[in-house]
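Two chains, two frames, some hints: make the complex.
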Amino acid sequence: MKKIMSILTLGILLLLTACSGSNTTSKSSAEDTKTKSGEKQVVTFWHSMSGAGQETLDSIVKDFNHSQNKIQVNAEFQGTYDEALTKFNAVAGTNSAPTMIQTFEIGTKSMINSGNIIPIQEFVDKDHYDMSGLEKNITNYYSLDGKFYSMPFNSSTPVMYYNKDAFKMAGLDPDKAPATFEEVETAAKAITKSNPDMKGFALQAYGWLWEQLLANQGALLLNKDNGRTDTPTKIGWNEEEGKSIFNWVKQMVDDDTFANYGTNGDNMIAGFLSGDVAMFLQSSASARDVIDNAPFDVGIAFLPHPEDKERQGVVIGGASLWMIDGKPKAESQAAWEFMKYLQKPEVQAKWHVGTGYFAINPAAYDEKVVKDAWAEKPQLQVTVDQLQSTKPSYATQGALMDMLPEGRKIMETALETVFNGGDVDKSYKTAVQQFNEAIKQANKARGK
Amino acid sequence: MSMIYPTIETNETYLHQAERVKRQNQMKSFLKGMLFLLPSIILFSVFVFYPMFKTIYLSFFLTNAQGATTVFTGWDNYKALFVDPIFIKSVKNTFLFVFYTVPPTVIISLILAVIANEKLKGIGFFRTVFSSTMGVSVAAASVFWLYLFNPTMGLLNKVLETSGLDAIEWLTDPKWALIAVSATTIWMNIGFTFLILLGGLQSIDSSLYESADIEGSGYFYKLRRITIPMLSPTFFFVITVSIINTFQTFGQIDILTQGGPANGTNLIVYSIYREAFVNYQFGAASAQAVVLFILILLMTALQFKLVERKVHYQ
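Quick mapping for you: the protein sequence lines, in order, are chains A and B. Residue numbers for the first sequence follow this note's numbering, so the first one is 494 and each next one is one higher. Residue numbers for the second sequence follow this note's numbering, so the first one is 4 and each next one is one higher.
Warning: the hint list may mix true and false statements.
Stated by the list, open to error - Result set (DMTMM-like, lysine to aspartate or glutamate): computed pairs, CA atoms no more than 20 Å apart in a straight line:
1) A:K580 x A:E569
2) B:K178 x A:D916
3) B:K82 x A:E930
4) B:K178 x A:D749
5) A:K837 x A:D551
6) B:K178 x A:D747
7) A:K669 x A:E800
To be verified - Just the calculated beta-carbon pair ranges, DEER-fashion:
8) A:P689 x B:G138: 39 to 47 Å
9) A:S767 x B:F52: 49 to 57 Å
10) B:L151 x A:D723: 44 to 52 Å
Read the hints as simulated data drawn from the structure, not as lab findings. Note that the coordinates shown come from a computational prediction; the quantities given were computed from them, not determined experimentally. For every residue, glycine included, the Cβ atom is placed at its ideal position computed from N, Cα and C.
Chain B with its partners taken away, still in its complex shape (with noise of 0.2 Å):
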């Protein structure tokens, strides 16, 4: 017994040794990268932590119209919402406010960006035209269109008038107000999405194209065999991130609707700045923001999930 003791302490006593600089090391390194970190984590912490926090803790709380807390209600806010006809019908608006508007952006960018990325004279100016509307800010766009909608002197009603159809109440008939603002949404989105389509059309390599050719394949074969495979990283990276701006409506709606009529604009972000802003109930909008958060969460964690798998890395 005694002749074994001494061994197995300096055997621990080097394991420890051995542990503590391995620990040492790791704590070095560690501080190292936290020094380098800490930049973008003191503005993220400030700017998106914080808020973030501040709001899963006001979404418990009832407030004054300052957004001080005044009484603790527990989970209330939260089941309020879920039997509350505005919010449910907001939710509804916006699932089918993506289904309106991504769709269309994403074909007419595609359709735009095939056709500018040919190689002909001039072929510059259209670029530029095509991807205009990034430079148009919400609110300049929602204005422009606002006149366009105009019941008693918008051009497009002129143009159905003229053209022997009934005018529409474009922004104030529950049938149309969601489709004139996804029209506009649309027409906003398109710049963004084309810059970025033809960008990753310009990175295709072109001697995929050039045996093709050799090969005697037609314009289509090879828009569907080489294009679009190739071109899957960048719609889903398009695709992404308009879902989760979509998501995140509010300055059309603002402008040209105001949520109206009767709600069928409403969208989730829109219905959080009333909550906010017109009814005071900081609470109850904390509460739709943080819902509002899990959905997006969700909806790009669904995409990762089952679109990844099937788009093709270089």
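Only chain A is shown next, with the shape it has when bound in the complex (with noise of 0.2 Å):
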């Protein structure tokens, strides 16, 4: 037996320095052909916009790298935010990490915790930048104790679209969109009502919609003021809070006007568009994919909230760049040349024209590819309203915490039994169950 134990180790020593002397001398290669190949730094940047966000990313890249010739940067997408923040996590600390990540705003937390990057203010304070010129309702968010950890980049917010001419057919005002729930649900009815074919209304089972609509009601998400001014413990919201969305939808599901597509965002988009259902919210990232497709009048309204409650706002969605730790400093300097570049009005006009992802410098507004667009697509400025008449409060300000997405797919879930008409009260007592446990196992596996 010892033998074999033995002999067990041998093996896989060999196999191990087998392994990491061919990695060695592949990063050695590595290096000679850059610094051969020119004196141009080369930057990865690792991303995950899809569809007309990608398109428009890599014009802007492009630009960049003809702007100058010092820095070559390479945009490459890896999968949605969930896959890409997997995959840097398994290559984390190594030689195959990218320079500079984007990462959605729930892993904000989780980003920081695990000590694998450099906090942008690093940066910020040896160059003097000045962030004051972003838009205030972002900066809430990624500051934290008045330090920025990572660079904001692409931020959305949820809105309603609806289909302005089934609207028409049903007799209701095109121009003016329900705001709360109930009028929700009448205009969903009187919809379905005069073409049987169509559904009133579609909430995709996205946590991230389930947490706005949250915020909108000025409800936490999280104790101790959303996770900002401690660790949280246990759910923020309360229970009239939490149940009114379940109960919104359940209702429009036993009314038979909505439109399930579960998890789904492109199925239900797709069916927005050849007329299956009128109404579904999603992030504006989508606004102008939705605008440019639709066979009819795309009409874009404010988040809506329940009748009794006022609206609060929203939460800044989307994501940020990090820098990622352990490069060259002369790598890092140039992925942060890059973040300033992204930050310029004329790009963000670029960015928010192409996408419908605001413009985190509100000079961009002033540019005028954003006053023709606006001209042309009125839709695309309701988001920027959204934003600005959004009161910053702890609620507004979103939650932080490192187990947020896992909190999602326990939500995605309780909807997903609701939209098939299981029971609100069980599902949304399972469903706060697992999340109060879900924060505590992250909080004990951090060894508090």
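In structure tokens:
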């Protein structure tokens, strides 16, 4: 037995040394080619933009690479935010890690905890770069105790898209979108009545939308002020606030005016475009795609809220750019130059018009491209108005915690259960229980 | 006394020597054997044993997002599993999924194999067609079915609608989602099962059929009394492999439903993936992986114990 074990360990050792050996050689050869091929500093940028977002981003990167001759940015699509973050966690600390990565807002806390990043604040301080020019609501989300850990980049909020032609058909005012849960219900009924083939409303089972519908009522997602003042220990919303969303959906499911697309957002948009459903909630980032592809007039409206609650506004969604630790100084510096480039008004204007994401630099709204686009597609402006009318509070500042991706999955399951006729009380109770359990587990894993 | 002593001593030394030689020989042949086994031992250790022990080790810890262990929890991860409704549901789903996919796959493949075993002109074409799904990757097949199931422009719903039936929410209705994924899986697995069964059919000795023909037996009698019994080792192989494969299904779930609606198609492997790479709970995920390993081990052992006795080897 001892022999076998020693042979085993020997074998493993041999293989490991062989692996590490080949690693070092490949690394040095890569460095050789880099220095030989030219003086350009290569920056690897992992992102999660697909569709119109990817096209616009690629064109911005190209502009940047042509605008100077010192830095070459290679933008690499790495799948959805979840997938990219998983890949990053697998390669973090090794040579395969990118120079910078785009990560969604709820990954903020786990990126900070990972210890594999350099806070952007270091570059801001060194460079005396002025962050105050950026949109207030966005810097609110990304600054923690006055310190920036990542560079805001693409930010969106959820809006309600609706089919104006269907509203006309149903005898509704196409220029006045329903603003409350109750008005949405009534409108959905009218639409399905006028056209039995068309459902009134669709809500993707997407945890992010659930968070936004909560924030719009002024409810917190997590206690301890959404995790902004201390580590959260349980959920922050109360039963009335949480259940109102479930009951709202349940009502429409019972009325048979609700279209169920499960967790699949693409199918939902396809259904909207082909006239299967008249209203849906989605990120403003899809605005350009939807408006361009719809064969009818698309309206965009603020996120609805319960009648008895005042509208509080939305949490800034989207993603920010992170500087990865352990890279050569020159490489990080080059990535910082690129980040600064992305904040320029003209770049942000192009970004906003090309996608429907906000310009994080409000100066972009004075650019001609934006003004022209707004004149042609006034819907794009709604998304900006909604953000700017948001009341600053802990609720609309958004939650911070490393278990948020798990929390989203829990809420998605609960929503799907209700979509399929499940009992509201029961699914709500299970979801809350699991959510609290997940928070507890995450705190325990951190050793606290 | 002193007379006996030396004889015993010589006897003992003799025995000792014989023992030593025997042991040396044994050691030699053991080392020789080891030398031959070394390549596979190294490969298995690196790619199977090491990950396995690491998984077992991880299952007793909580981890951070990079998978590094933080807190030792003992059996807590396992205890939590057996009260976790999501995991219990995924185990249930997995057994249902095996039940929905393995028997239909084997039966359909058997029918196809029996048909394709006839010696007809152009049968080679059909054999190629029937086994062709083997060459389609899981990802490609899933995307293809994703379009068939699409609620807006999917072919299946179009067919249902034109024949006057209600459209089905294939992938979002909990009643249908698992069935829809099963149909996809059956379609994908038929190629492989068909090929193995056809191979089995062709290796049956033709003299058996000839003597049955002389006795004037009918087609179905021959099928029941010769083909099926002679095919039993192949069946055994196909069923065991299919069950293990189905237990490990991941690709089509990830692409078609992502475990939805409301965990309706969340199978164990997908639940492991989600626990590890969405929730970053590597400890809990490892515990699930260990449970899955034990489940498959038990199922396979059970099969060998119960079924293999009935298998007829030539």
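| query | If you draw a straight line from the CA of A:K580 to the CA of A:E569, is it 20 Å or shorter? | reply | This hinted pair holds, its Cα atoms lying about 12 Å apart.
| task | With a cut-off of 20 Å on the C-alpha distance, tell me whether B:K82 and A:E930 pass. | result | holds (14 Å)
| field | Cβ separation of B:L151 and A:D723, checked against the hinted range 44 to 52 Å | value | holds (51 Å)
| query | Do the alpha carbons of B:K178 and A:D749 lie within 20 Å of each other, as the hint requires? | reply | Holds: B:K178 and A:D749 sit about 18 Å apart, inside 20 Å.
| task | Look at the Cβ atoms of A:S767 and B:F52 and judge whether their distance stays inside 49 to 57 Å. | result | holds (53 Å)
| query | Between A:P689 and B:G138, is the Cβ distance one that fits in 39 to 47 Å? | reply | holds (44 Å)
| said: Just to be careful, I want the Cα atoms of B:K178 and A:D916 compared with a cutoff of 20 Å; is the pair within it? | reply: Measuring from Cα to Cα gives roughly 16 Å; hence the hint holds.
| query | Taking 20 Å as the top limit, are the C-alpha atoms of B:K178 and A:D747 close enough? | reply | At roughly 18 Å apart (the allowed maximum being 20 Å), A:D747 and B:K178 satisfy the hint.
| Restraint check for A:K837 with A:D551, where alpha carbons must lie at most 20 Å apart | Holds. A:K837 to A:D551 sits at ~16 Å (cutoff 20 Å).
| query | A:K669 and A:E800: Cα distance at most 20 Å? | reply | holds (16 Å)
The structure is consistent with each of the numbered hints, conforming to all of them.
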